[in-house]
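Asker: One-letter residues, chain by chain:
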Amino acid sequence: MNCDHCDKPAVVHEIVIKGGDSKEVHLCSDHAIAAGYPLPVEQPLADIFPKLGSVAKVEAAKSKERSAKCAACGLTFTIFRKSATLGCPACYDAFMPMIEKVIESAQDGATHHLGRSPVGGAEIERVQNLRVKMMRDLEAAIAAEQYERAAKLRDELKALDSPSP
Amino acid sequence: MSQPFSAAMSQVGPDSDVVVTSRVRLARNISGFPFISRASNPVRQEIMRVVRRAVDQSCNGIDHDQGMRWIELQSAPSRDRILLSERHLVSRHFANSDGPRALALSNDEHSSIMVNEEDHLRIQFLCAGSRLSDAFKEAFALENALANCTNFSFHPRWGYLTACPTNVGCGIRMSAMLHLPGAQIMKETDRIKRAAKELHLAVRGYYGEGSESIGDFFQFSNQTTLGATEDALLEEFNGIVLPRLIGYEREARTAALARYRSRIEDIVFRAHANLSAARLLTADAATKDLSRMRFGVVMGLLPIELTTIQRLLLQVQPAHLSLIDPRSLESEEADREVRATYVRQELLRGTTDTK
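Chains as they are written, first to last, in this note's numbering: chain A, 2 to 166; chain B, 461 to 815.
Hints are not guaranteed to be accurate.
[To be verified] No more than 20 Å apart at the CA atoms, straight line, and that leaves these computed lysine to any residue pairs for SDA-like:
hint	chain 1	residue 1	chain 2	residue 2
1	A	LYS134	B	GLU792
2	B	LYS597	A	GLU101
3	B	LYS657	A	VAL103
4	A	LYS83	B	LYS748
5	A	LYS83	A	THR112
6	A	LYS83	A	SER68
7	A	LYS134	A	LYS102
8	A	LYS159	B	ALA536
9	A	LYS102	B	GLU792
10	A	LYS159	B	ILE727
11	B	LYS657	A	LYS159
12	A	LYS102	B	GLU506
13	A	LYS159	B	GLN505
14	A	LYS83	B	ARG512
15	B	LYS748	B	GLU792
16	B	LYS657	A	LYS83
[As the list claims (entries may be wrong)] One-sided excerpt, in silico: chain A residues whose CB lies under 8 Å from chain B:
hint	residue
17	CYS29
18	ARG67
19	ALA69
20	ALA72
21	THR77
None of these hints come from the bench; they were simulated from the model. Note that beta-carbon positions come from the ideal geometry of N, C-alpha and C, so glycine has one too.
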């Protein structure tokens, strides 16, 4: 239903009784404020049941955590939790929220590296993740006897290793 | 390796009365390879090839006079692997585990690189006495040399990436092996251990992670590796923590000697008598008595050189003993007999030398 004074949707609905007559009033938020009505507060369900909402959220996050898997090396969350050891550099991003917690608690709240860095640090990270994935694909190709694909991957790996000009 | 003792473990250095050895170890992984737990044997071989090439290019070559030796542990005789672990050059886990793995070792045995341990590389410098700054400098010199020939895994936020996420950042472990008989007699060891934990230090036994303390030897090491520079971590450990631990132990020794002189003399001289007379001796019993004698030597109670004690502490270990006399391998009784005979002779010689 639209506002009595314009085309905006009405948010205030009232029945006004004046001198024995009753009249329905429908106002948009702007005209409601102008007429001195308090605006109704929208209350989402999660606010009415805040605990239920957060439990659901935590559960959803946990289930996302549990199903997390590193795309580069294939390490699953279950294996990581059992061994406390990561599979490859890309795991740091794949299991980010958990890794963050583990590191912060082990490192007395520290969250960032302040020490030395190698020359070309960020570029190294990009290449290393790509390389781990290619090595895994190569092993899979050999296991599946897809030798043509394996040869192609091996050449690509070699190209990645040769120093760029 | 067949030489009967290595440099670091049998020498003495600054503050050797308390600090047996100093060590700095850097964890690094070669960029573009999975960590060890996800690396198949062919991948581990490839990692070894990459590291070997880097060592060959950067450290005066392999098997040259000033270069490093390359020892492949999967094909090394079991005695050699135990020798390396007794010299604290490899962890016991690394000595006994499976799969392609290697140790690059400098001729003086101070510098070494474990390849395919928990991380692809564990770059280490080990020396006698309290010399952490030297160890720090040398370990980074080796790391720098290798970094010129290969790329290490690095993350802009987390720093050097390690297989275990709790080692990220600088990937540095500084440790000092301390001899704490004074604290032990004054029953202060537990308090020191508690204080160390509050300072985020790990306290371990004679052979590092998972090992028991034998003969009042404890290994202290930093656990914080993130959120501070390498230099700040060194300054904290070497400039603040270590001097306090050394000072504390010295005070405990003085207090112990003032209060329990006869008891301490009894412990020290009985240990000497025991080792001078025993006909059968286990490695553990010998280590314990040598530790008591070490205390007597540094307190001026026994006229024996500290280097003699240090050398014997290493030589009584089973693999080292078998280098001196292979008959020790024949049976358990033979092992004990050879050890007792050797220690007796050496103590007789050590005492005569100083007269």
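Asker: Are the hints correct? Go through all of them and say.
Answerer: Right, here's what the structure says about each hint:
no., hint, result
1, A:LYS134 with B:GLU792, "violated, 51 Å"
2, B:LYS597 with A:GLU101, "violated, 31 Å"
3, B:LYS657 with A:VAL103, "holds, 18 Å"
4, A:LYS83 with B:LYS748, "violated, 37 Å"
5, A:LYS83 with A:THR112, "violated, 24 Å"
6, A:LYS83 with A:SER68, "holds, 14 Å"
7, A:LYS134 with A:LYS102, "violated, 26 Å"
8, A:LYS159 with B:ALA536, "violated, 31 Å"
9, A:LYS102 with B:GLU792, "violated, 50 Å"
10, A:LYS159 with B:ILE727, "violated, 65 Å"
11, B:LYS657 with A:LYS159, "violated, 47 Å"
12, A:LYS102 with B:GLU506, "violated, 33 Å"
13, A:LYS159 with B:GLN505, "holds, 16 Å"
14, A:LYS83 with B:ARG512, "violated, 32 Å"
15, B:LYS748 with B:GLU792, "holds, 19 Å"
16, B:LYS657 with A:LYS83, "violated, 25 Å"
17, CYS29, "violated, 48 Å"
18, ARG67, "violated, 18 Å"
19, ALA69, "violated, 14 Å"
20, ALA72, "violated, 13 Å"
21, THR77, "violated, 11 Å"
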